[in-house]
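Residue numbers (the numbering used here), protein chains in the order written: chain S, 10 to 361; chain Z, 89 to 383; chain W, 5 to 318.
Fair warning: there could be bad hints in the mix.
To be verified - With a cut-off of at most 30 Å between alpha-carbon atoms, the simulated DSS-like pairs for lysine-lysine come out as follows: (1) S:K281 - W:K134; (2) W:K302 - W:K236; (3) W:K56 - S:K281; (4) W:K74 - S:K281; (5) W:K134 - W:K72; (6) W:K308 - S:K270; (7) W:K11 - S:K270; (8) W:K134 - S:K139; (9) W:K199 - W:K68; (10) W:K236 - W:K134; (11) W:K11 - S:K281; (12) S:K70 - Z:K240; (13) W:K281 - S:K270; (14) S:K270 - W:K68; (15) S:K270 - W:K290; (16) W:K86 - W:K267; (17) S:K270 - W:K294; (18) W:K260 - S:K270; (19) W:K133 - S:K281; (20) W:K236 - S:K270; (21) W:K308 - S:K281; (22) W:K90 - W:K17; (23) W:K74 - W:K108; (24) S:K90 - Z:K278; (25) S:K281 - W:K72; (26) W:K68 - W:K86; (27) W:K294 - W:K308; (28) W:K72 - W:K17; (29) W:K72 - W:K196; (30) W:K90 - S:K270; (31) W:K196 - S:K281; (32) S:K139 - W:K294; (33) S:K270 - W:K267; (34) S:K270 - W:K302; (35) S:K139 - W:K17; (36) W:K302 - W:K63.
It is worth saying that the hints were derived from the structure and are not from the lab.
All values reported here derive from a predicted model rather than from experimental measurement.
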Amino acid sequence: MTLRTYVITRILLTIPMVLLLLTLVFVVVRVLPGDPVLLHFEKRADPEVIEEFRHRLGLDKPLWEQYVDYLWGLLHLDFGKSMQDFSPVSVQIFSAFPATLELAIFSMLVAVGIGTLLGVESARSYNTPKDHTIRIFGIVSYAIPVFFLGIVMQIVFGIVLRWLPTGGRTYPGMEPVGAYIKLPFEFFGIKEIHLATGLYTIDSIFEGNPMKFIQALRYLCLPSITLGLVLSGVFIRLTRNNMLETLRMDFVTAAKARGLKERVIIYSYALKNSFLPILTMMGLQFATLLSGAVLTETTFSWPGLGRYIFTRIGFRDYTAIQGAVAFFAIMVAIVSLIVDILYAYLDPRIRL
Amino acid sequence: MEKEEKPKGIIVGPLIKLASLPKEGWAGWIVLVGIIIVLSMVIITIIGPFISPYDPNAFHTGPLFAPPSSEHLFGTNHLGQDMLSRVLCGGTTMLQVALLSVTICFIIGVPIGLFSSYIGGNLDKVISLVMDSIYAFPGLVLAIAIAVMLGKGAVNMALSIAVIYIPSYFRIVRSQVLTIKEMAYVEAAKAIGARNRTILARYILPNVIPSIVTVATINFADAILTAAGLTFLGWGVEVDIPDWGWDLYYGRQYISKAWWIIFFPGLMIILLALGFTFIGEGLSELLNPRLREGK
Amino acid sequence: MQVENLKTYYFTKQGVVRAVDNVSFEIYEGETLGLVGESGCGKSTLGFSIMKLIPPPGKIVNGKILFKGKDLVELPENEMRKIRGKRIAMIFQDPMTSLNPLMKIGDHIVETILTHENVTKEEAYTRAKKLLDDLGISRERINDYPHQFSGGMRQRVMIGLALALNPDLIIADEPTTALDVIVEAQILDLMKKLKEAYRLTLILITHNIGIVAEMADKIGVMYAGKLVELSKTLPIFEEPLHPYTEALLDSVPNIKLSEQTLKWIPGSPPNLLNPIKGCRFAPRCKYAEKRCFEEEPKIIEVEKNRFVACHLRG
């Protein structure tokens, strides 16, 4: 099967999965017992007000019609209206999303970085106390509730040691705005492009402002280390197992017989073979990452999607929650798709 | 190769197995430690009310926000309640919710897994697709969505947590069944004309049980952590009795002032989750030794 | 090289496996020593012991390996690493799994050269290309990956890797076992040519007596971890001294006879976990006497340069 066929097939397969997930979200919010509108008001309003409210949100239509509207809206990137002020949820989602993305990327980097390094060390000292300690560390890090770890981090590094900030995304006033590039000529009425991703680290680079970059990193430290640590356990185990398996293979013995240095063998021979499984695992862990992000963002007041959901819970804004959760579903599907395609591209068996 | 042993009696058998665990090396130790931790936690929860120095619900047992001292080993909270007593007595809700959700998971997930994979065909494909979708979804987010819709309460929380983990049981049962289904002795049984029900119960199920147990223990740990997460986010079970989860939630506001309010209950939750995780990880190592030493 | 009283045991959960039990021999420069025996007799372990690459839970328990004035057994690992590949090299049995699937074969050779010698990359590549010429592989294929070669070609690469730095000793562990007969003949031809061209000292480990007959100057027969006979090639074939050698030679079918019953050695290879008291071959030996079951025969020099461990001969 060629790469192109695989990619097309895979994209086509994603559609039913996304559909299923979105339906699942719909079922949870609309079909389960519990009327979102009543819950919102907590039975504390006039029936007329409730009806008017219901009507404005389109929640009085028959269920199947709501379902169609829901899907149709999503196709147009309409994630519904907030119960709080009827404003489009999509706006809020898209402004909060980059923060979560940035957190996710850095946390994944931390997790994979720590995971592979410790995994290699663990494999090298197979069956020694060092190996056992690292393995236990992996198990323990997974068992710690991420918000608890976050709080401990805040206390230790933020309050006691005062090295790092305990909340927020950057120093007030240091939000990067990206770069404005003037076009040499007018292009459909556009005179300049605004180069900004919403990721503070990248945007501050675009802007050419090292101070903003440093601040952004400082604020990223604790949350991404927290989330990354909790996630690292899986990678420790994966790397360790992969390394142990690869180190037993004939070509490793043959390499040793040629007198190659241990470092070369471990990194260039064994670790390279583990690369693909790690990539796959990164994709699989993305969902876990998102779950952890909700708690992490809440703990560190990180203005991302996770915290958005948290605040919406407080406001009993169920339609907004539905929109956000639907967004999560789409994100997961897309990431899974990207990882699969990347894997197919890199796997020599499929490529060659 | 799967072992099909019958334990020698309900008490003696497991005790013998427990004692032989350390021999199995690192994995055996981990399981043993895990079991000890879990048992200690359960015992503490049970005898907690009898050994706590103060009434965990009583206000003003000491100064408000008192740091840990000889009088209040774990300090006091914003209501003057003694934290040590609250910690000793606070495990019941969490354990109950976790137990309930694991049970629900088990009761629903395992049979569906068994039947779906055994019968196969389109039904199996559809159910697998549904299960895979749920499995792929960020667990906590889904749990939040469900819990929020169902409303607060222990049973609702247990239900929301259960939904996320049903796919785990489903998958493990399914993968085992698919392997066993192809084995010779199942074919032989069919040839004799055994009914499907019998085949499932007597041939397939016993071999699936070890894996289910492993999944269940890890599930337990996850359930505890998810429950803690939900509580932390404000959707905890509202009870009058002391509850670690609730201390977590209230303690959050007072972190800079009185870190001990959130710290010790949190520690207990970690220990409980850790205990189960140890058991689960150790068991999975024992049952599927991935790498043997030497050739 | 001189191997003295080498003992390599594997310490497994089930017990101690005496894979190499008190083996001694000498090999001179330019000689080819053939080590024959059935699977599990310890010959491969012997090869790995010399390289000090015994997989855990194996360990060298006793003995000396004297090479160029040093005892390899006592040598620390970082010193041993410098010897491997450069002064003693190894050719492995399965060329498919012995090459890194993610590395070009040219890179394999270059890497080996660069590890041991201080030359530039260009020079290493030039040497690699010349090596490919000697091996009969087209130069353009230097950038190909292992899976693009056939089994025979891969084994040539393996041989090349062993030769790259002109080592003093090469250990070939079942170099042709994984290949079909025609390719085997080609590889053996290649090895013979290279042996003469480079004046190699070779330890050839195999279970195939036919190969050693062609290639070896002297032959060591191993059984159950022990060296039971050692002498020059021709005498062994003309007059095998040890009953096992005799049975081994007997079991090779004669291509000239049109009809023959195949002979085999009754019984099965012994358990290396709990070796018996006496001679390890005794249970299967047709000449066995009572003494054979009680006392282990020591290796003695029956004639000049003919060694055997058997009660019958001494």
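Hints versus structure:
1. S:K281 - W:K134: OK: K281 of chain S and K134 of chain W at ~29 Å, within 30 Å.
2. W:K302 - W:K236: At roughly 19 Å apart (the allowed maximum being 30 Å), K236 of chain W and K302 of chain W satisfy the hint.
3. W:K56 - S:K281: It holds: about 26 Å lies between the C-alpha atoms, which stays within 30 Å.
4. W:K74 - S:K281: Between K74 of chain W and K281 of chain S the Cα gap is close to 36 Å, so the pair fails against 30 Å, i.e. violated.
5. W:K134 - W:K72: Holds. K134 of chain W to K72 of chain W sits at ~29 Å (cutoff 30 Å).
6. W:K308 - S:K270: violated, 44 Å
7. W:K11 - S:K270: holds, 27 Å
8. W:K134 - S:K139: Violated: K134 of chain W and K139 of chain S sit about 46 Å apart, past 30 Å.
9. W:K199 - W:K68: Given pair K199 of chain W, K68 of chain W holds - Cα atoms ~27 Å apart, limit 30 Å.
10. W:K236 - W:K134: violated, 35 Å
11. W:K11 - S:K281: violated, 36 Å
12. S:K70 - Z:K240: holds, 27 Å
13. W:K281 - S:K270: violated, 43 Å
14. S:K270 - W:K68: Measuring from Cα to Cα gives roughly 25 Å; hence the hint holds.
15. S:K270 - W:K290: violated, 51 Å
16. W:K86 - W:K267: violated, 47 Å
17. S:K270 - W:K294: violated, 53 Å
18. W:K260 - S:K270: The given pair, whose Cα atoms are some 52 Å apart, is violated under the 30 Å limit.
19. W:K133 - S:K281: Judged against 30 Å, a Cα distance of about 26 Å means the pair holds.
20. W:K236 - S:K270: violated, 38 Å
21. W:K308 - S:K281: violated, 54 Å
22. W:K90 - W:K17: Distance ~36 Å between K90 of chain W and K17 of chain W Cα, so the pair is violated.
23. W:K74 - W:K108: violated, 35 Å
24. S:K90 - Z:K278: violated, 57 Å
25. S:K281 - W:K72: Roughly 37 Å separates the two Cα atoms, so the pair is violated.
26. W:K68 - W:K86: This hinted pair holds, its Cα atoms lying about 19 Å apart.
27. W:K294 - W:K308: Satisfied, since the Cα-Cα distance of roughly 29 Å is no more than 30 Å.
28. W:K72 - W:K17: Between K72 of chain W and K17 of chain W the Cα gap is close to 37 Å, so the pair fails against 30 Å, i.e. violated.
29. W:K72 - W:K196: holds, 25 Å
30. W:K90 - S:K270: holds, 13 Å
31. W:K196 - S:K281: violated, 37 Å
32. S:K139 - W:K294: violated, 53 Å
33. S:K270 - W:K267: Judged against 30 Å, a Cα distance of about 48 Å means the pair is violated.
34. S:K270 - W:K302: violated, 41 Å
35. S:K139 - W:K17: holds, 22 Å
36. W:K302 - W:K63: The hint holds at about 24 Å.
Going through the hint list in order, the structure does not satisfy hints 4, 6, 8, 10, 11, 13, 15, 16, 17, 18, 20, 21, 22, 23, 24, 25, 28, 31, 32, 33, 34.
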